[in-house]
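*Asks:* The primary structure of each chain is shown beneath.
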Amino acid sequence: MDLPDLGPLWLTIRLAGITTALLLLVGTPVAWWLAFTRARLRPVVEAVTALPLVLPPTVLGFYLLVFLSPNSALGGLWLSVTGSTLTFSFTGLVLASMLYSLPFMVQPLQAAFESVGRAPLEAAASLRAGPWDAFFSVASPMALRGYLTAIVLTFAHTIGEFGVVLMVGGNIPGRTKVVSIQIYEQVETINYDAAHMLAAILLVFSFTVLLAVYSFNRCFPVHVG
Amino acid sequence: MTALSVDIRVAFPEFSLTVAQDFKGAGITAVFGPSGCGKSTLLRVIAGFERRATGRVAFGSQVWMEGRRQVAPHRRGVGYVFQDARLFSHLAVRGNLDYAERRAPGGPFAYSFDDVVEVLDLAPLFGRRATQLSGGERQRVAIGRTLLARPRLLLMDEPLAALDTRRKGEILPYIARLQSAFGLPILYVTHALEEVTQLCERIVALAGGRVVAAGRVPEVLERLDLADVQGRFEAGAVLRGRLAGTDPAMCLSRVDLGGAVLEVPAVALPEGVDLRLRIRARDVSLARGRIEGISIRNQLPARVLRLSEEANSAFAEVLLEVAGQHLRARLTRAALRDLGLAEGQDVVALVKAVALDRQALPRGLAAR
Chain A
595 MDLPDLGPLW LTIRLAGITT ALLLLVGTPV AWWLAFTRAR LRPVVEAVTA LPLVLPPTVL
655 GFYLLVFLSP NSALGGLWLS VTGSTLTFSF TGLVLASMLY SLPFMVQPLQ AAFESVGRAP
715 LEAAASLRAG PWDAFFSVAS PMALRGYLTA IVLTFAHTIG EFGVVLMVGG NIPGRTKVVS
775 IQIYEQVETI NYDAAHMLAA ILLVFSFTVL LAVYSFNRCF PVHVG
Chain B
55 MTALSVDIRV AFPEFSLTVA QDFKGAGITA VFGPSGCGKS TLLRVIAGFE RRATGRVAFG
115 SQVWMEGRRQ VAPHRRGVGY VFQDARLFSH LAVRGNLDYA ERRAPGGPFA YSFDDVVEVL
175 DLAPLFGRRA TQLSGGERQR VAIGRTLLAR PRLLLMDEPL AALDTRRKGE ILPYIARLQS
235 AFGLPILYVT HALEEVTQLC ERIVALAGGR VVAAGRVPEV LERLDLADVQ GRFEAGAVLR
295 GRLAGTDPAM CLSRVDLGGA VLEVPAVALP EGVDLRLRIR ARDVSLARGR IEGISIRNQL
355 PARVLRLSEE ANSAFAEVLL EVAGQHLRAR LTRAALRDLG LAEGQDVVAL VKAVALDRQA
415 LPRGLAAR
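Sequences listed follow chains A and B, in order. For what it's worth, the numbering used here labels the leading residue of the first sequence as 595, then goes sequentially. For what it's worth, the numbering used here labels the leading residue of the second sequence as 55, then goes sequentially.
Just so you know, these hints were derived from the structure itself, not from any lab. Note that the coordinates shown come from a computational prediction; the quantities given were computed from them, not determined experimentally. The beta carbon of each residue, even a glycine, is placed where N, CA and C say it ideally should be. A portion of the hints provided could be inaccurate.
[Said to hold, decoys possible] Some chain B residues well away from chain A (every beta-carbon gap over 10 Å; in silico):
1) D61
2) T72
3) T108
4) H128
5) D138
6) R140
7) L141
8) H144
9) R199
10) R221
11) A246
12) P302
13) R308
14) R336
[Said to hold, decoys possible] Label pairs and their in silico Cβ distance ranges:
15) B/P88 / A/V638: 36 to 46 Å
16) B/D168 / A/E640: 41 to 51 Å
17) A/D727 / B/E363: 35 to 45 Å
18) A/A806 / B/D61: 52 to 62 Å
19) B/D61 / A/S666: 24 to 34 Å
20) A/L649 / B/S70: 41 to 51 Å
21) A/L649 / B/D218: 39 to 49 Å
22) A/R812 / B/S89: 34 to 44 Å
[Stated by the list, open to error] Sample of chain A residues at the chain B side, in silico, Cβ under 8 Å:
23) P714
24) A717
25) A719
26) R812
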């Protein structure tokens, strides 16, 4: 039995890792704002961030294809600055994945910040801690479980991505060919052995990661409330 | 002494608070009133937690709020002891204390980390988490933590409200000691009159979002028009006296009010100590002369200063002078008419019960 090409697997993990890291930076302020704002705009932003949950990946992928294409403002700008297109590139894939996985980062974080609430932040302010200080020294440690959930869900969800990748990234080996697409391809070409092996790797990997996180959560309960 | 000057308005849909009041820059001032009168909101405005507030707040030469412009809460140097303690649950007790200590401004300070730990007896709790503390312990840690940030003004928002009577009794002496040990101006929110008389020198009474009285505790508490704020049954007066002697056989102590003498259940304190006694208006009856053949032994010569009958009520309140101090009596209007009482008249006040204020405990003993 031939060992299937493991390149797409590494690409997938790299994509999921980068997406998760970038979403952590983008999602945290969004979640914070949603948790604490009194602005009327809040439900609108909430609905927008939740859209990827309900839209078919093909719809998301289609719009991304349109907005990232060299003919669009963003895609054109990217092309003129970097000399490469956003569509059918790893960078475009990262952008698409960030959008696709956004709710998986924002929603657990928002819930965690809401459960921390204003009370400990006011306490921190009364102890002379500024807003940034209070965020890092009080809110974040208290929301640690939310961070863990958000990171794991985002990572796992990005690994399992298929439709959006297919639309935006295509199937370019070494650049946009992720493992879910590779499996699809193997099945299409009736190469069930390779499909089995890749699927099993993905299954075991995902299960192990989730198990590790939930066990960690159980053994080291974060002291909240 | 730096004084706090407040002139603010906050409007909520169901409630609004308007306060224009100067607070002394020393001692403990009670912010007193029934639940929902705006006490906590006032403290939150002073701390900078109410963005909707408008007006002016200044502490000494520093303006903390002017119009809608506000200085951020963490730059005000205001310590806040919350009703629910709000210890950081991800840190142990020691971590909570260190958190504040690390963020204190540059010294030198009037007191050290160890001073605070000692006064509040916190060392045995260091390794514990907030969830492993009793309500009283949690408040002690919260008070210690707040002190360690070296605030210039301490706001205490009903720190004892969540505690049962026994735990309250545990904490009160610690709070009473704060003032003498650390010399901070303190605003102390409460709706419990006991706490006012035991801890505070001055009082600002709020009702329905407005200040209804302000001044020194004994003077404010004996004013008749405060009955509604305090609630009928709490209306009373504070008398000052000196412990004149104790009869161990009968377990009674005599308190010299400066002429008149009052008997109270034995007080375990040295003779000559200054005491404060709280006498509720409903525990005082009046007679035109001394009465024999009655169980009430505390019969004080008094003069009627003011009569105030309550409209649409069976009751009337009488302000009396006893040994140069003020006392209040609550009678029925019918009794007032039958006795034919008039202002300036000499009467005898029959006192049925006396409560001893703990703050009476000598300052010299409380100070470290």
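*Asks:* Take the hints in turn and mark each one as holding or not.
*Replies:* Here's how the hints hold up against the structure:
Remark: the non-interface label on B/D61 is consistent with the geometry, its nearest Cβ contact in chain A lying 22 Å away (cut-off 10 Å). The Cβ of B/T72 sits about 23 Å from the closest Cβ of chain A, beyond the 10 Å cut-off, so the non-interface label holds. For B/T108, the condition that its CB be more than 10 Å from all CB atoms of chain A holds, with the nearest at approximately 17 Å. A beta-carbon of chain A comes within 10 Å of the beta-carbon of B/H128; the shortest separation is about 4 Å.
A beta-carbon of chain A is positioned within 10 Å of the beta-carbon of B/D138; the least distance is around 7 Å. Not every Cβ of chain A is farther than 10 Å from the Cβ of B/R140; the closest lies at roughly 4 Å, contradicting the non-interface assignment. The beta carbon of B/L141 is not kept farther than 10 Å from every beta carbon of chain A, the shortest such distance being approximately 8 Å. Non-interface call for B/H144 relative to chain A: violated, since the shortest CB-CB distance, roughly 4 Å, does not exceed 10 Å.
With a minimum CB-CB distance of about 7 Å to chain A, B/R199 fails to clear the 10 Å threshold, and the non-interface call is violated. For B/R221, the condition that its CB be more than 10 Å from all CB atoms of chain A holds, with the nearest at approximately 21 Å. The beta carbon of B/A246 is kept farther than 10 Å from every beta carbon of chain A, the shortest such distance being approximately 23 Å. Against chain A, the non-interface label of B/P302 holds: every CB pair exceeds 10 Å, the least being about 48 Å.
Every CB of chain A is more than 10 Å from the CB of B/R308 (nearest about 46 Å), matching its label as outside the interface. At roughly 39 Å, the least C-beta separation between B/R336 and chain A is larger than 10 Å, which holds for a residue marked as non-interface. Our hint of 36 to 46 Å for B/P88 and A/V638 holds, since their Cβ atoms are close to 41 Å apart. Range check, B/D168 to A/E640: Cβ separation about 49 Å, and the 41 to 51 Å hint holds.
Our hint of 35 to 45 Å for A/D727 and B/E363 is violated, since their Cβ atoms are close to 59 Å apart. The beta-carbon spacing between A/A806 and B/D61, approximately 58 Å, falls within the hinted interval of 52 to 62 Å. For B/D61 and A/S666, the Cβ-Cβ distance of about 56 Å falls outside the hinted range of 24 to 34 Å, so the restraint is violated. Evaluation of the 41 to 51 Å hint for A/L649 and B/S70 yields a pass: the beta carbon distance comes to about 46 Å.
The given range of 39 to 49 Å is broken by A/L649 and B/D218, whose C-beta atoms sit roughly 55 Å from each other. Checked against the given bound of 34 to 44 Å, the beta carbons of A/R812 and B/S89, roughly 42 Å apart, stay inside it. Nearest Cβ of chain B to the Cβ of A/P714: about 6 Å, under the 8 Å cut. The hint holds. Interface hint status for A/A717: upheld, as the beta-carbon distance to the closest one in chain B is roughly 4 Å, under 8 Å.
The restraint placing A/A719 at the interface with chain B holds, with a minimum CB-CB distance near 4 Å, inside the 8 Å limit. Of the supplied interface hints, the one on A/R812 is violated, with its beta-carbon coming no nearer than about 17 Å to a beta-carbon of chain B, more than 8 Å.
Hints 4, 5, 6, 7, 8, 9, 17, 19, 21 and 26, counting from the list given before, are not met by this structure.
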